[in-house]
Amino acid sequence: MVSPVAGHSPPPFFRRGPAPLARLVVLVSASLTLLVVDHRLHYLELVRQGLSVMTTPLQVLAGMPVKGVRSAGDYFADLAQLQAENTELRREHTELSTMRLRQEQLDRENTRLRALLDMRERAQVESRVAEVVYEVRDPFSRRIVIDKGITHGIEAGSPVVDDVGVIGQVTRVYPLYAEVTLISDKDQALPVQVARTGVRAVMFGAGAGLLELRYLATDVDLREGDRIVTSGLDGVFVAGLPVARVKSVDRDGVGGFVRIVCVPVAGVEAHSTVLVMKPGQPVLPEVDMPTAAGEEKLEAVRK
Amino acid sequence: MNQPTFSSRRILRPVRPWFIWLSLLLALLVNLMPLGRAFWLPDWVALVLCFWCVREPLRVGMGAGFVFGLAMDIGYGSLMGQHALAYVLLAYAATSLSRRILWFGPLQQSLHVLPMLFGAHCVMLAVRMVADADFPGPVYFLGPVISTLLWTPVGMLLMLPQYRPEEKDENRPI
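Chains Z and L, in that order, are what the protein sequence lines are.
Using the working numbering, the letters of the first sequence map in sequence onto residues 1 to 303.
Using the working numbering, the letters of the second sequence map in sequence onto residues 1 to 174.
Hint data in this document are derived by calculation from the structure and do not stem from the laboratory.
Hints are not guaranteed to be accurate.
In silico contact screen, one side only, chain Z against chain L (beta carbon under 7 Å); selected entries [to be verified]:
(1) Arg23
(2) Leu58
(3) Pro139
Computed from a prediction, not measured in an experiment: that's the story for all the values here.
From the three backbone atoms N, C-alpha and C, an ideal C-beta is built for every residue, glycine too.
Taking the hints into account, I'd like the entire structure generated from these sequences.
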């Protein structure tokens, strides 16, 4: 059975299925339905996971030449360069081991003091090392794919860091790999705090690998070079992880807000090994059960 | 449809269906190669799909566009239906214009193809802009232009198996 050519309806004795325009309408409405269901309702994650089983082999296959070229480049890397790197890593290793010894002691001390003060135990953060496989080729967002997925115990929402600071958050998990949205993505928000003053704010991606602190009043105490760390208010990210450094503060912003551009400290757009942490549960203060009227008010506030 | 163009006198061998699907699959494979954030790279699936829709509108059409669009959506992790919508529209345009395009030579064919590929690209841009995405910059519009430049060489390559004579016969006129 063959399909009819658009614009040329065949005589009825050639059976060629529905007319082109009818096909077009059906397929376009199917695409639009998929778009709306995926974007607005987020119902398609399971379908995506299922279908990814078919595209994953293709992706692995497509990645092979690139990987081959890269490993060939590594193979021919200069011996001297490798030796230098080795020395550097040894030095770093020694430094870190002494730090770890000290940290164990501090941890014990901290637990004791917290117990004395009757404070809640800080949860131990589990983490897992993952390799970055590739950058997602979707031009409209900034995401990377890592080589650990559901089968390795990665869950959506997990914070992802490298050795210097926050990189992003796992937003989609597949059986064998996971997608991480970088903090420089426009839709990725992160609750942060200025390390020097303790001012809390929300960090958004600003495009071109930069970040932006939004919704701060023009008289906020902030200078160029200030360190921005996570505030931990969302309960997902641990407090105190380095995020960015302030690059410029533009105080004559429109609408009463100051425009603050920051540069991420972590190699957000260039890295190979990352650490996926287990997401904490959002800590919410105890509240009375909301009444219907209260919920309505809450909805109004949200809008 | 056994000639390179309708005005040509050369007769081609019929296309093998498996070759069409293999070429589309290879295009998908090339598209899925992890080459980082190089948005000016041509969309090979769109190009090959467009080619077969023009060449063989009875075999390849909107259904193929939809299926390969979904595969791209999953491979790229973009919104489900984004590529599907663009490819369905592209396939519709290509199949309906195929009778016209095949009367022209390579250059004029490319000029027909450019607006179609550009339109498909713009459909994707519009979809993502409505969905609140980040504008990828003017480099994004370079993709369809490069694809158009590739139309003639890729077309020659995909037609190669059909150019081969079935058996060599010195006495045969064609």
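Hint check:
no.	hint	verdict
1	Arg23	holds (5 Å)
2	Leu58	holds (6 Å)
3	Pro139	holds (4 Å)
Violated hints are absent here; each numbered hint is respected by the structure.
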